[in-house]
Amino acid sequence: MDIVNSFHLTKREFECLSWLSEGMTAKEMAIKMNISHRTVEQYVKSIKEKTHLYKRSQLIYFFKREIESIDIFLLK
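Positions in the sequence shown are counted from 1; adding 202 to them yields this note's numbering.
Keep in mind the hints are simulated off the structure, nothing from the lab. Only a predicted model underlies this, so the values are computations on that prediction, with no experimental measurement involved. There could be a bad hint or two in this list.
[To be verified] DSS-like cross-link-like pairs, simulated, lysine-lysine; straight-line CA separation at most 25 Å:
1) Lys-266 x Lys-229
2) Lys-266 x Lys-213
3) Lys-229 x Lys-213
4) Lys-213 x Lys-247
Make the full structure from the sequences, and use the hints.
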């Protein structure tokens, strides 16, 4: 996926970003991923640094826009 390659996101970071875009908290993501919520917070921090987007709302907008553009591309 472009978003992963462009920003060198790990699989777990991408997973966090996806759930973040659905409005999940770090604790909710941690339960799903079977890891500590502190680890999730570290993933989110890493995503913010890699994308240079430092607000959750910016990350959510960015992710949804990227996914939408991929969906549109696949429909063509």
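Do the hints match the structure? See the list:
| no. | hint | verdict |
| --- | --- | --- |
| 1 | Lys-266 x Lys-229 | holds, 22 Å |
| 2 | Lys-266 x Lys-213 | holds, 17 Å |
| 3 | Lys-229 x Lys-213 | holds, 19 Å |
| 4 | Lys-213 x Lys-247 | holds, 15 Å |
Every hint from the earlier list agrees with this structure, and none is contradicted.
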